[in-house]
Amino acid sequence: MPQIVVEGLVKTFQVAERTPGLWGAVRGLARRRYRTVRALDGVSFSIERGELVGYIGPNGAGKSTTVKALSGILVPDAGRCEVAGRVPWTQRIAHVAEIGVVFGQRTQLWWDLPVVESFELLRDIYRVPQARYARARDTMIERLDLAALLDVPVRQLSLGQRMRCDLAAALLHAPAILFLDEPTIGLDAVSKLAVRDFIKQLNRDEGVTVILTTHDMDDIEALCTRVMVIASGKILSDGPLAELRARVTRERWLTVDLVDAAAAIEEADATVIRRDGHRVCLAFDPQVVAPAELIRRLTSHHAIRDLFVENPPIETIVARLYAAHGAPDGAGAL
Amino acid sequence: MIAEARPGPWRPYCAIVSARFRMLLQYRSAAIAGLFTQAFFGLTLIMIYEAFYRSAAVSARPMAFAQIVSYVWLAQALLAMLPNVDADVRAMVRSGAIAYELCRPVDLYSLWYARAVAHRTAPTMLRAAPMAVFAAIGLPLLGLGEWRLAPPASLAAGAGFAVALVCALALACAISVLINISLLWTVSGDGIVMLVATAVSLLSGLVVPLPLLPDWAQPILRWLPFAALADLPFRIYSGHIAVGSVAVVLGRQLAWTAALVALGRWLIGRGMRRMVVQGG
Amino acid sequence: MTRDALRLYVHYVRVSIRSQLQYRAAFVMTSIGAFLITASEFIAVWALFDRFGQVRGWTLPEISLFYGMISITWALCDAIARGFETFGAMVKAGDFDRILLRPRSTVLQLLGQELTLRRVGRLLQGILVLGYAATAGTIDWTVWRVLLLLASIACGMCAFLGIVVLQATSAFWTVESLEVWNAFTYGGVTMSQYPLAIYRSWFRGLFTYVIPLGCVNYFPGVAILGSAEPLGTPVFVGWIAPLAGPVFLILCLQIWRIGVRHYRSTGS
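Protein chains in written order, with this note's numbering: chain V, 1317 to 1650; chain W, 1261 to 1540; chain L, 10 to 277.
No lab work stands behind these hints: they were computed from the structure. Keep in mind the model is a prediction, meaning the values are calculated, not measured. Glycine residues also receive a C-beta, built at the ideal position from the N, C-alpha and C atoms.
Distance ranges between label pairs, derived from CB positions:
(1) Val-1403/V with Ile-26/L: 37 to 43 angstroms
(2) Glu-185/L with Ala-1515/W: 39 to 45 angstroms
(3) Trp-1445/W with Thr-275/L: 44 to 50 angstroms
(4) Gly-241/L with Ala-1515/W: 52 to 58 angstroms
(5) Ser-1505/W with Tyr-195/L: 33 to 39 angstroms
(6) Asp-1585/V with Ser-274/L: 52 to 58 angstroms
(7) Arg-1364/W with Thr-1352/V: 40 to 46 angstroms
(8) Gly-241/L with Ser-1315/W: 17 to 23 angstroms
(9) Leu-1523/W with Gln-1472/V: 37 to 43 angstroms
Whole structure, please, built from the sequences with the hints as guidance.
Shown next, in the form of structure tokens:
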């Protein structure tokens, strides 16, 4: 029995249109024009307990709308949804007591208060018994290295520190499901790794179901075994990461460091997609020419200092997926 | 080579007023809401004054009731003219971004003065016209004609009122800029600003018509510049101040304006130097 | 359940007070400023009595009772209602979602958002004016009258809170015209400073049967003064009229629930 079941979710919004300029503003006094946006167009999926699912898509694709519906904030126009046996929007209070939500760009902590006081307020809001709270708090302090931050007002924290505190705050009441919206946005490299490690451990050891919405493909590669891609309100792909890759392209990339930077590279069955000084990157289809064969050909024609084979980055995969479905590939997707 | 026409010196100032206008026009429901609120306040105050007048002897009344009524409506319509702190300037001083203001290639006093004008004219024009229409025409239509805003006492009174209003605007902006300049000394400015705003609104007649304040206070009120912001123009309108005295009123407004502008220009120079020395 | 809610509210209040006291200087300044602004309002009232002596038979000490009561009532309500007063900004910033994500009543969370300490400026002014009214000799104080005074203030807070809740509810539909409610909060305060009897009948009716500010200030005030109500209302009305405040608040909270439901169907 899946923990989360979503079937045929539909949600449309009316967005007001504004005409620019002074004359447009005067006209706006008389009449307002609206346009209909179909944010969710029959979204369906199910998630088992303990999964770590990535949820990606261009801006305006319907990601946050889905998360809002799943967390009970938004009531969809049509469709069915059940989370841990409850309909999120009809049993709001009971439902939100069992979930945690972290927004990457907004903190839920109280701005002027020391971190630990925000925790205490949340303890009372979520009605967590003192003993359980103390245990959860101490675990979080240890795992996320918060000891030095407890007495610091939230407004004085750096972005990375705030995110760690927000993660802890979202988990004090031991929710079974955690929604993460852009948790690593704006973070430095060290903090990103710390956050990713924490999420991975949380999911692996505690069995917390995690739904991760992000634009950062490194997050996806590092954490998610399953990825759902949404664009224009429709799910384009839902399955293991490897399957997504295979579905979109069989292409693989071979990157070599040449001894002679000026050498001309001409290989049948492979296209040069990038050249940067000594480094050349070739794309090829492994079913047309095996990687070993391509390497053999290349090394017989040129002196090579170093080489490696990799999959195209997720960004490329996803951009092609969007393009294939006519969805705006937009700079915001990457 | 084509010679490029240089934009006139008024360009940046006009742009500020225009942008303000556009911003306010966007919010039509806000406009109607504001009108309703002010109309409500106006009616409440009129009923209160009416109750006082009903129980008082005619000899005890310093102004005719109809003049009180027009005073109340003019006060509501022209509320935006009050001197006040420029919220953007205050934020800039707080954040230190004031340093950028000091680097602009325009005369800072004039820029702040233009902003003060924009903050007053745009909302006033958008508020005053509907308010005046409601008070003059809407009320009689609702059967409350006895509380309507009567036309000016005479053509001359109307003309005098219009001129006095422009001078009041000039004076209000001079005071506003002075308030802003004071922020260069007291960064938080909240307490001082509130104090000044309270005093100004009381002494200008926008809280209660000045003639209704005690007799012993009248000379003081006449001496201070604030009566020229609202009280004097309103009483020119209703004829309480005879047309013959209008020139004196205007003279007083302009004299005070000139003095406060001179003070402002001198202070802003010192304030800027102080900011530069402190490093913003 | 309510004891648990009360505990949380107390926690909110402690946190809010501590937060504001971090900016002690600003708090003192704005409180003094608020006191002075409200004091200047009373100066206007005093000036009118200084010139005219009375209004429709009511004297300054009597008016001061109405004035002091409504000032205190509004100051107290204004202190607890900040969450609702700034709700327009909250909705605009999308922060209401966070409130919905917590397993508590939205009303409790918004009430707990802040206990605005600087309202003490107006509160102090109200107490001083009420003190003047109480000691000026026009009131024959009994225990019952004191209780009625306190009950009126409490019920008055409910009435004002209802208005502010309606204001916040309207933010679900339009964030731009919230100013209109100032007519009933600040306008309501101004109106209540004088006896209802001096206003026109339609005005009185509005503030008796629709927005019951008259029920929580004027009628009990008349009962406390022990005067005969000019429009012939029997004295016992003054003793039960304050109940209109909590009833009004309950109705407004129902409308709030409708607003929340609307928000959740249409998104931000």
